[in-house]
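Construct the complete structure from the given sequences, taking the supplied hints into account.
Protein chains: 4
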Amino acid sequence: MATQSPAKVKIGVLGASGYTGSELVRLLLRHPNIELDLLTADRRAGQEMRAVFPQFSPYKLPTLVTIESIDWTTAGLNLVFCALPHATTQKVVSDLLAKAPKTKVVDLSADFRLHDLAAYARWYGHEHHAPKLQREAVYGLVEVHRTAIKKARLVANPGCYTSCAQLALTPLLKAKAIAPNEIVIDAKSGMTGAGRSAKEEMLFSEVSEGFHAYGVGHHRHMAELDQEFSAAAGREVVVTFTPHLVPMNRCILSTIYVRHTKGKSVEELHAILSKYYAKETFVHVLPFGQTPQTRHVRGSNMTFIGVAKDRVPGRAIVISTLDNLVKGASGQAVQNMNLMLGWPEATGLEQVALFP
Amino acid sequence: MATQSPAKVKIGVLGASGYTGSELVRLLLRHPNIELDLLTADRRAGQEMRAVFPQFSPYKLPTLVTIESIDWTTAGLNLVFCALPHATTQKVVSDLLAKAPKTKVVDLSADFRLHDLAAYARWYGHEHHAPKLQREAVYGLVEVHRTAIKKARLVANPGCYTSCAQLALTPLLKAKAIAPNEIVIDAKSGMTGAGRSAKEEMLFSEVSEGFHAYGVGHHRHMAELDQEFSAAAGREVVVTFTPHLVPMNRCILSTIYVRHTKGKSVEELHAILSKYYAKETFVHVLPFGQTPQTRHVRGSNMTFIGVAKDRVPGRAIVISTLDNLVKGASGQAVQNMNLMLGWPEATGLEQVALFP
Amino acid sequence: MATQSPAKVKIGVLGASGYTGSELVRLLLRHPNIELDLLTADRRAGQEMRAVFPQFSPYKLPTLVTIESIDWTTAGLNLVFCALPHATTQKVVSDLLAKAPKTKVVDLSADFRLHDLAAYARWYGHEHHAPKLQREAVYGLVEVHRTAIKKARLVANPGCYTSCAQLALTPLLKAKAIAPNEIVIDAKSGMTGAGRSAKEEMLFSEVSEGFHAYGVGHHRHMAELDQEFSAAAGREVVVTFTPHLVPMNRCILSTIYVRHTKGKSVEELHAILSKYYAKETFVHVLPFGQTPQTRHVRGSNMTFIGVAKDRVPGRAIVISTLDNLVKGASGQAVQNMNLMLGWPEATGLEQVALFP
Amino acid sequence: MATQSPAKVKIGVLGASGYTGSELVRLLLRHPNIELDLLTADRRAGQEMRAVFPQFSPYKLPTLVTIESIDWTTAGLNLVFCALPHATTQKVVSDLLAKAPKTKVVDLSADFRLHDLAAYARWYGHEHHAPKLQREAVYGLVEVHRTAIKKARLVANPGCYTSCAQLALTPLLKAKAIAPNEIVIDAKSGMTGAGRSAKEEMLFSEVSEGFHAYGVGHHRHMAELDQEFSAAAGREVVVTFTPHLVPMNRCILSTIYVRHTKGKSVEELHAILSKYYAKETFVHVLPFGQTPQTRHVRGSNMTFIGVAKDRVPGRAIVISTLDNLVKGASGQAVQNMNLMLGWPEATGLEQVALFP
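Residue numbers (this note's numbering), protein chains in the order written: chain H, 17 to 372; chain L, 17 to 372; chain V, 17 to 372; chain A, 17 to 372.
The set of hints was computed from the structure by calculation and includes no laboratory data. Each hint should be verified, as a subset may be incorrect.
The list makes no distinction among identical chains, and a pair is therefore deemed to hold if it is satisfied within one copy or across any two copies.
Below are the DSBU-like pairs computed for lysine-lysine, each with C-alpha atoms no more than 35 Å apart in a straight line [stated by the list, open to error]:
#1 K192 x K76
#2 K76 x K167
#3 K291 x K76
#4 K76 x K190
Below, the structure is given as structure tokens:
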């Protein structure tokens, strides 16, 4: 069913056998301006994509290859999505951009998200392997950094948990409408957030019919939250953040407890968010008092945000939700690509949520 | 996000507050040739679609109205999808076509599927209220009745269970490749097949973490199976059919046990299906021996079919799967609309399956 | 399989067709000291329990009757569990105790939980129908009110959300180890918490594969939390509380954000809880830093509690979990019965959790 | 909570870190006559059971050890449950019985189920390592082989799929009431049937919200079915058998299509089953026409069987269900132990099913 004309822009996906990789392929198959020229998957090299993800059986796609087998100089790719594991990514992207400096890159790993090399070393336990690229990289949350993304060669696609929290909190922190030192983010994620590698604790029978928190008190996503929230607030912000796993495949919902600053009201928090996102295609603020459900954004690039009054005076509850594989990863990556290549931002991202 | 130009064809959806109704809206929002002009939902009349299905919050859609409030003479609709309950449908479609005889109708209920009025009365316990329309209606399984559908005014969209079984068996019965009196269809459906009405037995806690058969030995879908299989085989065919409920939202998988006729082989059954569907966009036959999973068609209009050899000589196992709300209902209905209005058959139906 | 000797204590269950009712029957069938003499279910009166809950098919149980049909004077019951809806309960229990004043009652509704008649009227919108019984009732959280329960005639079994939060926080509030005005309880419940009545929003397809908050900012359980937390702290406590629904059948997990008081440490919070529950059979405090999962208490009367340090100085995260139908309802009720009738507290409650 | 008196019988569980191992521990913790003296788990040796299965945190249990570390001569165990992988089992049991010939063994693997060494070699691709024990072993489906089990030293606990099908079909085959060459078994299993080893295809996101068949046409359980069905029928029986995976943790449901023999009726099939199981504690035949649901046996040692008439004359649909970890594995194993040690058969197996 895939029709690919030669005039289209040539795209590669590195790491196509994981969930963010397959989600990129799902979205890119429906993107009118591109052709999928390269798919890599080291352990599955030589296989067809349909052997790894049978949902692509009806489509013509490139055979999976190893990254090692690619000659970046002659590959002729306009843009590469990199969905590789942490650390590997730094080396692959360095190599790629050294040999094909005009290729644009959207990286879906955490490797280029932190601007501060010291913070990187502290959270990840080693020096960054590509500090120059680290400095070059633009943090790719479109609704916050749109202008910089348009001119970027290397975009660091944000994490799923952080995207969900940032879209809810950044406008409020920028407006100094909430106390920056009393923020509690209680986040709940579907299981695809844990990736596709075979681990006992991710087996169906381990996670079905149950619920739990993990990484309580210490989770690497916090480094990214700190950086972006501090930038938005213009001062250091350290939030409380607890991730949980829900027995569902997709989506994240963050229940965020905040205190509004003196002189503000909960209704004003809602007004700030509504105004900030009034013209955004992919962030939708619900009427005051209504709160979102994950299932109503599933499979789409949408973020839904709700604001409600707490019964404790001065406190508000902000709830945001997005599909971790779409707006939290691959959809956001395509949105970044659209900006980087000068296309309308929503191209190929018009899918309506799949509910039920 | 919905952009609707005046030149587009005007479409109505009757019964928009059920799951097949919302699935029609999901698909039609992405259809380039139409504008959604009318949405009805008697119990929710006066409400916005976003109150009934919050996933549509970002889209502009007509307010829900009652059917009674519509003046068909002046409604100016080119085509109406009817997703109403059994029996009500007959009256509404009769009235609609009496007042607006040029409007085309795709009906998603069971009301117009049986050609034989006596069979209808036997299975449903009363005379048909619109026998003339019953005779006019074309059975809308595109891959079997494409030519007739193109010319039809009233198309009876097939049932989900029957679509799934027919796509697997019709080519084999037509080719007289299987014994028509030894067919066992063991069908498993997701929960949306039971609709959206509030019943104790459909509560989450009643159906989650479990599995069961229902309607064992007697199920109304059998009338439709009998009609279509007998037509395909050119003789009376009565199959064994047992439906089951799986704790999942969408899709049907049918495990079908057949005996090939003398002189044929299991490999030939596979070859017959492969050839029959070679040029079809929405039916994909897997390589011999491979069998499909529901998740790989979820949200798409695809049907996947696999054929495997049983260890009992002469017997084969044919497994087919489709999304009950898409190819088994609303996607099939849009495919019918495309044919009836002279458009490319796949328009608006290009969504890739959502897995995971 | 049920063997019932005449010397056993006679028990009734009012409201046996709901989930807390069936859970009482499940537990009581294994209780060595009792015989189940009466089961009521107004809408299912005249039916066998196996028609309402087929898991009881192998057991001999009384036929379901209406409450109206019971003559309390001659019923001869030693203890009655009341699992009826709010408001109805007040009338039924008043009538029962007027006619059979020596019968003991464990009530699983919210009707007798609030001591303050004004608070009751404020939260429920009407005067209490049995103010004298309201004053007599003992709040039945065994680990907090054991002594009073032993002497009680009428015990108000606590709510599931409140039990889960109270077991985590009461010892800390009593020890004045946490700031009482900065408590955030983010609670997540399985679907049985919503009961067995047929509502659209509880259908499998509405709640499966998704997650959401409800009653944000206003939930009746708060009245009970206020009462018990204020009593424990010796001052008014108003907490932030947000309930969510998880696509699972059973259990509640509460993620609780607290600040320890000056001079205390997070490790001391853990020590306080460990000491408080050291001799309790049904509350288990995990080693410091470990946090519980719902699945490991499923089907059992256990509560698991974990304490972890937040990265924000002074703050701790306390996570507690229990099975909402057992320790959060029917198991707690049996534990109350055991105390009220002078039996070892764990009798009939020794089931090990069912995982996976 | 575990209280263990010195007079109790000493029990070991080999392979305690898998699901059948943990299920044995769950059941044995409630068994009044035994003490759990030995738990092995090679990869987790040195750890406490609570680290592997946190639901056991409140209980005192032996530390996990390797099998190699055990001196069978001095271990002094009365009975050992062996829940080890295929092939390893043969060597471990040989060694154990050579050194401690008076120890009784209930083996939960497939290693000792086939009496015919040639059949074993054909299905498993190698000669059996302990042919003498193979001949000694008694096939442990209590309801069929009770007398032999009572006297056995080594019992081969049946497979979960085969138990479910055998309990439905054996009485019918023995009574020559169904045609032995036209049996179709369409079986559906929960995910614990696949064990606890980390495989990509068993991850939550791979199996949730979907359904599929596997091993179509060739599955090792067939060898066991052939042996037992042929023995029951007194002639060779080769059935069609297709296993499927349901997104649920526990239980199996088998939908079985049969043709009754001449002179019999579907009602007689029901009567034969009802009579055969009239005095059995753990097999319950539903009233004619009613069919079972997996959820009503979950967590219990019960099997529910239903018989319904097909609309095709002469054909019946028999549906049976059991919990694959209880009656399909560890519950059955405890039932065997009870017989082998001369205790009442139901001791420690009285748990009522957990629904919802």
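For which of the previously enumerated hints does the structure constitute a violation, in increasing order of number? No numbers; nothing is violated.
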